[in-house]
Amino acid sequence: MATGTVPGPGKARGVFSAGRAQIAEKTLRTDNWRASPIFMAVILGIFVVYSGVRLFMNDNYYAAQEHYLTPMYSPCISEACVEGSSDFGTWLPDLGTGVPIAILAFPILTLFRATCYYYRKAGWRSFLLSPQACGVPEPWKKYTGESRFPLVLANWHRYFWMGACLLLLINTFDAFKAFEGVGDGIGMGVGTVIMWVNLIALWMYSMSCHACRHILGGQLKHFSKHPVRYRIWKFISKINPKHGDWALISLFTVIATDAYIMAVSAEWISDFRFFN
Amino acid sequence: MSYEAHFRVWRGDIDGGALHDFTVEVNEGEVVLDIIHRIQATQAPDLAVRWNCKAGKCGSCSAEINGWPRLMCMTRMSIFSPEEIITITPLRTFPVIRDLVTDVSFNFKKAQAVPSFTPPKELQPGEYRMQQVDVERSQEFRKCIECFLCQTVCHVIRDHEENKPSFAGPRFLMRIAELDMHPLDVADRKDLAQDEHGLGYCNITKCCTEVCPEHIKITDNALIPMKERVMTRKYDPLIWLGRKIARRS
Amino acid sequence: MTTTERHSYDVLVIGAGGAGLRAAIEARQQGLKTAIITKSLFGKAHTVMAEGGAAAAMGNVNSNDSWKVHFCDTMRGGKFLNNPRMAELHAKESPDRVWELETYGALFDRTPEGKINQRNFGGHEYPRLAHVGDRTGLELIRTLQQKIVSMQQEDLAEFGDAEARIKVFAECSIIELLKDGGAISGAFGYWRETGEYVLFDAPAVVLATGGIGKSYKITSNSWEYTGDGHALALRAGATLINMEFIQFHPTGMVWPPSVKGILVTESVRGDGGVLRNSEGKRFMFNYIPEVFKTQYATTEEEGDRWYTDPENNKRPPELLPRDEVARAINSEVKAGRGSPHGGVFLDVSTRMTPEQIIKRLPSMHHQFKELADVDITAEPMEVGPTCHYIMGGIEVDADTQQSRVTGLYAAGEVSGGMHGSNRLGGNSLSDLLVFGRRAGLHAAEYVRRLGTKRPAVSDTDVEAVRTWATAPLNATGKDTENPYDLHAELQQCMNELVGIIRKETEVSSALAQLDVLAERYTKVAVSGGRAFNPGWHLAMDLRNMLLVSRCVATAALERTESRGGHTREEHPAMDPTWRKINLVLAAAEGGKVDLDRKPVPTIRPDLLALFDKAELKKYLTTEELATAGEEASQ
Numbered sequence: 001m002a003t004g005t006v007p008g009p010g011k012a013r014g015v016f017s018a019g020r021a022q023i024a025e026k027t028l029r030t031d032n033w034r035a036s037p038i039f040m041a042v043i044l045g046i047f048v049v050y051s052g053v054r055l056f057m058n059d060n061y062y063a064a065q066e067h068y069l070t071p072m073y074s075p076c077i078s079e080a081c082v083e084g085s086s087d088f089g090t091w092l093p094d095l096g097t098g099v100p101i102a103i104l105a106f107p108i109l110t111l112f113r114a115t116c117y118y119y120r121k122a123g124w125r126s127f128l129l130s131p132q133a134c135g136v137p138e139p140w141k142k143y144t145g146e147s148r149f150p151l152v153l154a155n156w157h158r159y160f161w162m163g164a165c166l167l168l169l170i171n172t173f174d175a176f177k178a179f180e181g182v183g184d185g186i187g188m189g190v191g192t193v194i195m196w197v198n199l200i201a202l203w204m205y206s207m208s209c210h211a212c213r214h215i216l217g218g219q220l221k222h223f224s225k226h227p228v229r230y231r232i233w234k235f236i237s238k239i240n241p242k243h244g245d246w247a248l249i250s251l252f253t254v255i256a257t258d259a260y261i262m263a264v265s266a267e268w269i270s271d272f273r274f275f276n
Numbered sequence: 001m002s003y004e005a006h007f008r009v010w011r012g013d014i015d016g017g018a019l020h021d022f023t024v025e026v027n028e029g030e031v032v033l034d035i036i037h038r039i040q041a042t043q044a045p046d047l048a049v050r051w052n053c054k055a056g057k058c059g060s061c062s063a064e065i066n067g068w069p070r071l072m073c074m075t076r077m078s079i080f081s082p083e084e085i086i087t088i089t090p091l092r093t094f095p096v097i098r099d100l101v102t103d104v105s106f107n108f109k110k111a112q113a114v115p116s117f118t119p120p121k122e123l124q125p126g127e128y129r130m131q132q133v134d135v136e137r138s139q140e141f142r143k144c145i146e147c148f149l150c151q152t153v154c155h156v157i158r159d160h161e162e163n164k165p166s167f168a169g170p171r172f173l174m175r176i177a178e179l180d181m182h183p184l185d186v187a188d189r190k191d192l193a194q195d196e197h198g199l200g201y202c203n204i205t206k207c208c209t210e211v212c213p214e215h216i217k218i219t220d221n222a223l224i225p226m227k228e229r230v231m232t233r234k235y236d237p238l239i240w241l242g243r244k245i246a247r248r249s
Numbered sequence: 001m002t003t004t005e006r007h008s009y010d011v012l013v014i015g016a017g018g019a020g021l022r023a024a025i026e027a028r029q030q031g032l033k034t035a036i037i038t039k040s041l042f043g044k045a046h047t048v049m050a051e052g053g054a055a056a057a058m059g060n061v062n063s064n065d066s067w068k069v070h071f072c073d074t075m076r077g078g079k080f081l082n083n084p085r086m087a088e089l090h091a092k093e094s095p096d097r098v099w100e101l102e103t104y105g106a107l108f109d110r111t112p113e114g115k116i117n118q119r120n121f122g123g124h125e126y127p128r129l130a131h132v133g134d135r136t137g138l139e140l141i142r143t144l145q146q147k148i149v150s151m152q153q154e155d156l157a158e159f160g161d162a163e164a165r166i167k168v169f170a171e172c173s174i175i176e177l178l179k180d181g182g183a184i185s186g187a188f189g190y191w192r193e194t195g196e197y198v199l200f201d202a203p204a205v206v207l208a209t210g211g212i213g214k215s216y217k218i219t220s221n222s223w224e225y226t227g228d229g230h231a232l233a234l235r236a237g238a239t240l241i242n243m244e245f246i247q248f249h250p251t252g253m254v255w256p257p258s259v260k261g262i263l264v265t266e267s268v269r270g271d272g273g274v275l276r277n278s279e280g281k282r283f284m285f286n287y288i289p290e291v292f293k294t295q296y297a298t299t300e301e302e303g304d305r306w307y308t309d310p311e312n313n314k315r316p317p318e319l320l321p322r323d324e325v326a327r328a329i330n331s332e333v334k335a336g337r338g339s340p341h342g343g344v345f346l347d348v349s350t351r352m353t354p355e356q357i358i359k360r361l362p363s364m365h366h367q368f369k370e371l372a373d374v375d376i377t378a379e380p381m382e383v384g385p386t387c388h389y390i391m392g393g394i395e396v397d398a399d400t401q402q403s404r405v406t407g408l409y410a411a412g413e414v415s416g417g418m419h420g421s422n423r424l425g426g427n428s429l430s431d432l433l434v435f436g437r438r439a440g441l442h443a444a445e446y447v448r449r450l451g452t453k454r455p456a457v458s459d460t461d462v463e464a465v466r467t468w469a470t471a472p473l474n475a476t477g478k479d480t481e482n483p484y485d486l487h488a489e490l491q492q493c494m495n496e497l498v499g500i501i502r503k504e505t506e507v508s509s510a511l512a513q514l515d516v517l518a519e520r521y522t523k524v525a526v527s528g529g530r531a532f533n534p535g536w537h538l539a540m541d542l543r544n545m546l547l548v549s550r551c552v553a554t555a556a557l558e559r560t561e562s563r564g565g566h567t568r569e570e571h572p573a574m575d576p577t578w579r580k581i582n583l584v585l586a587a588a589e590g591g592k593v594d595l596d597r598k599p600v601p602t603i604r605p606d607l608l609a610l611f612d613k614a615e616l617k618k619y620l621t622t623e624e625l626a627t628a629g630e631e632a633s634q
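Protein chains in written order, with the working numbering: chain L, 1 to 276; chain C, 1 to 249; chain P, 1 to 634.
With the rest of the complex left out, here is chain L:
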């Protein structure tokens, strides 16, 4: 009836360490614990591939007629930017076709997401397997987490958040610009709606951020002395538990927005206009 065995000396670490209950199985979980980290790895993989391709495409990022600028290239500040896409000046020289135009926005956004507490969790679980799932042993001999260089730099998340918020203000400008009509006057197309949905998702993602919660209120010792910041903190605390959901939702809305604008810009499809 007994099924336990004593593990060999080579495996004697982690849950097999000397002194702990000697159980042969690495984990006794009976649920499908592999599903979640794999699912996450696939999603993140899709995004990395898509954004990598798009980054070096240097094309089809602005639908000039409809005034749609993809968030992946905004703000477009290179001299190489197509006409009409550079509302904030062109203060970077044209660096040639091999260098992405989005050389400013892209790193900020990548670092913001890469250092985000939610993506860090996802990354540790899906790519570094530390741990893949709760109660499932990780494969590494040593682990120091985020206590050393370079991972200790994840602590700079708040600065990337600030950068991302600046970009988000520009995205907001872009979204308003998407109400400009084809030709002149005001107008609105499917692209406008997509851009606004994306904008809301991005704002929710950025505002539910843990660093944001800390800066705007969490760092205070006495909420009672700062009623306004307390109310802001309360609001952020309400959306913060859904930070992970917004992280994924906004990932898809960015892809969707970019893909749509690319398609319109490349004239693979034409934008349906509600009014113009």
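If you are wondering where the hints come from, they were derived from the structure by calculation, not from laboratory data. C-beta atoms are modelled at their ideal positions from N, C-alpha and C, and glycine is treated no differently. Hints may contain errors.
[Claimed, not checked] Covered by chain L, per the in silico footprint, the following chain C stretches (three or more residues, Cβ under 8 Å): (1) 13–19; (2) 58–72; (3) 148–161.
Chain L is already provided as a structure; the job is to place chains C and P on it using the hints.
Same frame as chain L, but now just chains C and P:
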């Protein structure tokens, strides 16, 4: 309403052990601890198990049920299908004493290493004034029943015995956050949190939050805010630069 | 003779609940070397189950409150059988004890001015309970635990040894106290983990072992509540008083079966929960006893108004003292108006919003959701009486908490006298703080007075206990008894025959059954070894449960009246002549107990003057009233 359930319970001690099969009666409304008690009363009178209140308030009956750290008294049998084999083992992060009982003294040692509440010296008993909004954050952490499930599940020490000296575990990093947010505490434990208690080892994979029977948002409300506070203290480049300049002039 | 692990301490505290920890803190603060011995892990004590709060007349919510009002409420709740000096000390000192906790780091809920918030509770005239949601006991234990840790940090800095002056012996059980002549000399026990014996030399022992609930089948108490302190004291020559008074908490869970007995806090009623029977009627209005007629609302409308305007309305009868509510529920169920699982309905869902319920009663919400799959924000709970607290306990001096044995002190639930025949909710947490401190203080003073001439442990006594304790492990043969079976039968017997309502015939038959169980107990045998063997642990505790159950039944048979936690079916009324009598129990030969009638300490005239004449008439005899009148007019 009764049925016969299949249990596999780890029995043994530091020298070795094995999963033993038991077939036990289960009645409506029962929890896993009831079944363990039934095994004790009818089949294995010396089956060692630690328990106290049987109401999820003392945090004694921690074990791993189908590989998931749980309180046995708060795990209803109705979450399992009658055919399912239910495996119960002791916590796999701490040394085993006997059967389902483990040596959790690691946690008491870590508790002793967190500098205690430090009120302002001149404040007399009865003079403490605190606003409800200021105590609520720490109150959430004080719901902790010290079942040590978060300590057990945390891979930093579960998978790395060698990290035990340098990592206090979620329970005690949360204790540091609790004191840091206490409206009348004047001590500073931020450097300590990072340098002595290993806050940097935490990679916010949230297993502690997932297993917490009190549903305390350990990661979001204690560990991450503490990381942010430590960031300001130790890693903020602007503050670091500011200090440098201030020292020069 | 085998060598036994041996430790020497100044003060030995047995029990690591609120009273024990507070006593230990005090003894250590007096500079003495203190040990805390607990059957469980540090911080797991049954005190964590206390939900409502700690009663202390701080007057933070209603400034009319004072120690005098608190004293009167306590006496009234205990039906004037309380030791009046203890009730006085308790009322006077509890605010200081609560404030002190804040200096240890406790975080109570706050008033808008930032003071400790206080809530209403059954039997308390004003909002008086300092609380943290409904997990006040946990806050108290954690706070005291952390205070001890902070003292250990001080000692580490000073002596290089954290345990130099205060050490916790966790998962260690005491089997017997040791004496030298008439004075305490130490204690003998075993480590639960290894089963190895351990001997303590100590001139002072503070018993803080809590109650006896595990002798009952339906109880809110944990396994630790086996009456160890009561039994240790008896066997050491101390006396117990008021053992017939057991509080059955009116609202325990009744379903599912595995959690039957687990407490539903009184705060549910304090915050607006109402009791209804199967006909949907708020039956408590039919059960307001004569002595409380003037203090409680007689209509639902007035009772409802009280929640928002307590100044101008009387409180609803759901907030009557616990004994009254428990009896009322018992009667409703017996009359066939109970809920499906044999309780009554307790409903907050119709009176508070879900948000309010989750904020104010978080652990109740959690408990019902997880254990019974009932959402209390949407549906009523099913509740019924459960064995909760024993008012009786070790007879102690009111000021010093010393028992009749030199060097033996008791505090908290294990001591008797403070609560009379019935304890008010909230008075136990304050009791254990006030008298825990006093016990620690006076134990320390005694040890200091003693100097170097300490009572010695006798090797023969130690050997006798060791032989007795080892016997069940070596017992063999067919004619042996299983401790689990004996325990189950004891619980059944006490629950059915010495429960809420007692009859002479039933209590007598319980005593006869206890004789049989005691006889069978001599043949108890356990399988397995010494290391963490719960069968053996139970066998050790069972002796205490049998002895204490005998005390309860003996006293319950003797008292032919109904008062507080003791209801005799044939004698349903309170009898003023019985009010003057304490039933005192002492150990006799062969595991039997002797019972003696002793007068209840008289109430000082200045304290008596705090009460209304008309009210005193309900409790005191005419002669007492006459004397009281004379003294007042002098």
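Here is how each hint holds up against the structure:
no. : hint    : in the structure
1   : 13–19   : holds (count 5)
2   : 58–72   : holds (count 5)
3   : 148–161 : holds (count 7)
In summary, the structure agrees with every hint in the numbered list given earlier.
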